[in-house]
Amino acid sequence: MPSSHSPFSWVTLASAAIAAVIIIGYLVRRPKLTGVTKLWLLAGLGVFPILTAGVGNVQGFEATTKRSFCASCHVMTEHTGDSDNLASTSLSARHARNKLFGDKNCYVCHADYGMYGTLLTKEGGMKHVYYYYLGGYRSLSMAEAKAKIRIHAPYPNENCMQCHSTEDKLWADRPDHKAALADVRADRISCASSGCHGLAHPYWRTDP
4 MPSSHSPFSW
14 VTLASAAIAA
24 VIIIGYLVRR
34 PKLTGVTKLW
44 LLAGLGVFPI
54 LTAGVGNVQG
64 FEATTKRSFC
74 ASCHVMTEHT
84 GDSDNLASTS
94 LSARHARNKL
104 FGDKNCYVCH
114 ADYGMYGTLL
124 TKEGGMKHVY
134 YYYLGGYRSL
144 SMAEAKAKIR
154 IHAPYPNENC
164 MQCHSTEDKL
174 WADRPDHKAA
184 LADVRADRIS
194 CASSGCHGLA
204 HPYWRTDP
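When we follow our numbering, the leftmost residue of the sequence shown carries the number 4, and every step to the right adds one.
These are computed hints drawn from the structure, not numbers from a lab.
Since the model is a prediction, treat every value here as computed from it, not as a measurement.
Treat the hints with care, as some may be off.
Pairwise CB distance ranges, derived in the manner of DEER restraints [claimed, not checked]:
id	residue 1	residue 2	range
1	E147	A189	34 to 40 Å
2	M145	G63	56 to 62 Å
3	G49	E147	44 to 50 Å
4	M164	A20	42 to 48 Å
5	G120	W13	24 to 30 Å
6	A56	H131	22 to 28 Å
7	G120	A23	32 to 38 Å
8	A90	P178	28 to 34 Å
9	E147	A23	44 to 50 Å
Cβ coordinates follow ideal geometry from the N, Cα and C atoms, glycine included.
Make a model of the complete structure from these sequences and hints.
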């Protein structure tokens with residue numbers, strides 16, 4: 004049952020219910036196809052189903068941005084558990100405690116940016132679903148998951164630079180930042196490496 008904090012869920016259910024009532028009502032009563040009847044059928048077969056699909060997709064997308072969604076796959080529970088840990092000093096946990104990220108820190112940090120960022124991010128998410136349910140990851144123990152699962156590409160500094168631009172004075176005034184500026188911008192040095200800010204999920208493995 005949707006919560007009071009999820010208005011999109013209520014709109015989705017309400018529009019689906021209205022469409023069902025209109026269609027069932029027509030099938031039971033079989034009224035003549037007058038102009039008014041056609042308008043009702045347009046609403047029941049077109050307007051409300053489209054509203055249901057559209058709002059439902061928005062609600063579904065919103066749900067996939069939450070850390071709890073990531074935790075629904077057991078191989079991710081150590082990642083999300085670390086983010087939830089108030090005592091953890093990992094990058095993921097520190098960003099989870101930042102009000103700008105909160106319970107969306109997984110999505111915000113791993114989302115692709117640019118004009119088609121949202122679509123590319125969801126495409127990548129569908130690959131995760133495939134590997135989990137059809138690629139064998141669902142049956143892996145945590146030990147097996149740690150040995151087998153790797154991020155598909157090196158984590159780009161561009162994702163960090165959406166917030167940490169490398170151009171503001173506070174950032175640039177740090178000697179280590181200043182010395183590594185060209186390498187950071189060119190992705191030759193990773194912000195999330197053991198030599199810099201540390202791995203986002205250090206308990207998962209120790210290699211950079």
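Comparing the hints with the structure gives:
1. E147 with A189: 34 to 40 Å: holds (36 Å)
2. M145 with G63: 56 to 62 Å: Cβ of M145 to Cβ of G63: about 28 Å, so the range 56 to 62 Å is violated.
3. G49 with E147: 44 to 50 Å: holds (49 Å)
4. M164 with A20: 42 to 48 Å: The hint (42 to 48 Å, Cβ to Cβ) holds, given that M164 and A20 are roughly 46 Å apart.
5. G120 with W13: 24 to 30 Å: Because 29 Å falls inside the window, the suggested range holds.
6. A56 with H131: 22 to 28 Å: Holds, at about 23 Å.
7. G120 with A23: 32 to 38 Å: holds (36 Å)
8. A90 with P178: 28 to 34 Å: Given a distance of about 30 Å, which is inside 28 to 34 Å, the answer is holds.
9. E147 with A23: 44 to 50 Å: holds (45 Å)
Violated hints amount to a single one, hint 2; each of the other numbered hints is respected by the structure.
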